[in-house]
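**Q** Residues per chain, in single letters:
Protein chains: 2
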Amino acid sequence: MLLRMIIIGELINSSISDINRLMQEKDEHCIQQIALAQVERGVNYLDVNAGTFIHQEEEYLKWLVQTIQAVTQVPLALDSPSPAVIEKALEVYEGTPMINSITAEEDKYQKLLPLVKGYRAKVIGLCLNGAGMPETAKERLTIAYKLINDLDKDGIPLEDVFIDPLLKPISVSGQYGLQVLDTIGGIAGWNSGVHITCGLGNISFGMPRPNLLNQAFLAMALCAGADTAIVNPFDDYLMSIIKAAEVLLSRDPYGREFIKAAREKKLV
Amino acid sequence: MLLRMIIIGELINSSISDINRLMQEKDEHCIQQIALAQVERGVNYLDVNAGTFIHQEEEYLKWLVQTIQAVTQVPLALDSPSPAVIEKALEVYEGTPMINSITAEEDKYQKLLPLVKGYRAKVIGLCLNGAGMPETAKERLTIAYKLINDLDKDGIPLEDVFIDPLLKPISVSGQYGLQVLDTIGGIAGWNSGVHITCGLGNISFGMPRPNLLNQAFLAMALCAGADTAIVNPFDDYLMSIIKAAEVLLSRDPYGREFIKAAREKKLV
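Listed in order, the protein sequences are those of chains H and E.
Per my numbering, residue 164 is the first one in the first sequence, and the count goes up by one each step.
Per my numbering, residue 164 is the first one in the second sequence, and the count goes up by one each step.
Next comes chain H alone, as it looks inside the complex (with noise of 0.2 Å):
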């Protein structure tokens, strides 16, 4: 049997304005119900995000970890494009933290590579090079599979990667979802034991019914071989979706958690 399907919950993240307000307004209430409130709804890690605050990142990205983390154990996922807001944010970090992410540009890479060490950290590797950002499958293969050797080589045990192949707005390129499907499918296919995700709401952005075009993607993704994914939690559809995909994909044995979501009418 395949491992279930593991879910980062995506709604910390201070470009979503109401998120944002709470933050500016140090809502600790708020902000632990609304990482509660994913929990509940199934999610492994809650991703936390406070990169619009430009010159205070590092302040508000401590803030929601001490925040969160006096609610909830579930692992956080530091999601922040600077090193050093990261490991700022792991020094006040309890437990086993994810780091989103390292890259295959050298420096971050350098930069961030101790710390994944240093807190046997889960990391999402994320396709980028510093070669601009990538279009087709085989630019993100050739990303992807440097990256896995690199972190292979310096010793971070390969089931603690997460390979993000970047999902970009299918808005701006119908290619953009046969792409990354193409790239879920090769990275499968090397069975390295690394998991693979997507930032899923990234393909729908720019598009009306968001919500059906990341249903119908995440349902993609999964057959291609991806085994994680992050996600708006509140999206019930989805999260429905998502249950019926583990019994399909034969990771819920004997549709067991899917008949009994269904009795309890868990649902949509």
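Treat the hints with caution; some may be incorrect.
[Claimed, not checked] Taking beta-carbon pairs under 10 Å as the criterion, some of the chain H residues facing chain E (in silico):
1. SER334
2. SER336
3. TYR339
4. LEU341
5. ASN354
6. LEU376
7. ARG414
[Unchecked claim] With a Cα cut of at most 20 Å, we get these calculated SDA-like pairs of lysine to any residue:
8. H/LYS428 x E/LYS429
9. E/LYS331 x H/ARG419
10. H/LYS251 x H/ARG283
11. E/LYS423 x H/ARG372
12. E/LYS423 x H/VAL248
13. H/LYS271 x H/ASN312
14. E/LYS429 x H/PRO371
15. E/LYS429 x H/VAL335
16. E/LYS225 x E/THR215
17. E/LYS423 x H/SER245
18. E/LYS428 x H/GLU188
19. H/LYS423 x H/VAL248
20. E/LYS428 x H/ASP323
21. H/LYS423 x E/PRO371
22. H/LYS423 x E/ARG372
23. H/LYS428 x E/PRO373
24. E/LYS423 x H/VAL335
25. H/LYS423 x E/LYS225
26. H/LYS423 x E/LYS423
27. H/LYS423 x E/PRO373
28. E/LYS331 x E/GLY295
29. H/LYS225 x H/ARG167
30. H/LYS225 x H/VAL248
31. E/LYS429 x H/ASN374
32. E/LYS423 x E/LYS225
33. E/LYS331 x H/ILE422
34. H/LYS428 x E/PRO371
35. H/LYS423 x E/SER336
36. E/LYS429 x H/TYR400
37. H/LYS331 x E/SER413
Since the hints were made in silico from the structure, they are not lab data.
For each residue, glycine too, the CB sits at the ideal point set by N, CA and C.
We have chain H already, so just place chain E on it with the hints.
**A** Here is chain E on its own, set in the frame of chain H:
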């Protein structure tokens, strides 16, 4: 660009109790309305099946053909396990029919082949060979390979062939979803030019919330390489997921149809 998905509507089937009753009453008007409602929802073929009327199947199937062809030119998929019944239905059929289905069972194949040729019919090739129901992807692929080769050698244009890997209920074995997805991927990899379809509802038979399982599986099947399915077009959410999948698989350039459907409030 890939071609758009081909949708086969499954509702005119005597195994559905409401339809069975309408057929017994020879209620032309209601049968016609159900056919037209499926067409309105975007089906490309209408499956017609009178299989439960054991000794009157021929009479009822011919009645369905004539009743429905009186109001729509959308082609019908003549669905019967009996080559003799299909032959009789073809005699009253107008236009280019679809035959559902030929198999690799020698006797059946030899009886149906001249009909497929003579009527230049589209034909569903079901992965069955008389040696019991296939379990694994390998068994299905072996049958599909033989069917495709035989039909090709016998002069049937492969673009007229719709291979159905034979979807069985996930409630019977948790492996049936994966086996069929692997079969679809394998057939798609041959690039033979055949279409790949499946009777979607079979996957969820015996499970609660079949709609969620059908929706997730359809997205997966399309991702794996299917380009058609036999579905219930009255499942509005499924039809919306199909429209989303077309965008994601680059079959709806610039998402034009999806955006138009959203604007016209034709998405759930």
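**Q** Each hint needs a verdict: does it hold in this structure or not?
**A** A quick look at each hint next to the structure:
| no. | hint | verdict |
| --- | --- | --- |
| 1 | SER334 | 7 Å, holds |
| 2 | SER336 | 9 Å, holds |
| 3 | TYR339 | 9 Å, holds |
| 4 | LEU341 | 5 Å, holds |
| 5 | ASN354 | 15 Å, violated |
| 6 | LEU376 | 5 Å, holds |
| 7 | ARG414 | 9 Å, holds |
| 8 | H/LYS428 x E/LYS429 | 27 Å, violated |
| 9 | E/LYS331 x H/ARG419 | 18 Å, holds |
| 10 | H/LYS251 x H/ARG283 | 16 Å, holds |
| 11 | E/LYS423 x H/ARG372 | 11 Å, holds |
| 12 | E/LYS423 x H/VAL248 | 44 Å, violated |
| 13 | H/LYS271 x H/ASN312 | 16 Å, holds |
| 14 | E/LYS429 x H/PRO371 | 12 Å, holds |
| 15 | E/LYS429 x H/VAL335 | 23 Å, violated |
| 16 | E/LYS225 x E/THR215 | 14 Å, holds |
| 17 | E/LYS423 x H/SER245 | 41 Å, violated |
| 18 | E/LYS428 x H/GLU188 | 38 Å, violated |
| 19 | H/LYS423 x H/VAL248 | 42 Å, violated |
| 20 | E/LYS428 x H/ASP323 | 44 Å, violated |
| 21 | H/LYS423 x E/PRO371 | 10 Å, holds |
| 22 | H/LYS423 x E/ARG372 | 11 Å, holds |
| 23 | H/LYS428 x E/PRO373 | 14 Å, holds |
| 24 | E/LYS423 x H/VAL335 | 17 Å, holds |
| 25 | H/LYS423 x E/LYS225 | 45 Å, violated |
| 26 | H/LYS423 x E/LYS423 | 38 Å, violated |
| 27 | H/LYS423 x E/PRO373 | 14 Å, holds |
| 28 | E/LYS331 x E/GLY295 | 13 Å, holds |
| 29 | H/LYS225 x H/ARG167 | 30 Å, violated |
| 30 | H/LYS225 x H/VAL248 | 9 Å, holds |
| 31 | E/LYS429 x H/ASN374 | 15 Å, holds |
| 32 | E/LYS423 x E/LYS225 | 38 Å, violated |
| 33 | E/LYS331 x H/ILE422 | 18 Å, holds |
| 34 | H/LYS428 x E/PRO371 | 11 Å, holds |
| 35 | H/LYS423 x E/SER336 | 18 Å, holds |
| 36 | E/LYS429 x H/TYR400 | 18 Å, holds |
| 37 | H/LYS331 x E/SER413 | 14 Å, holds |
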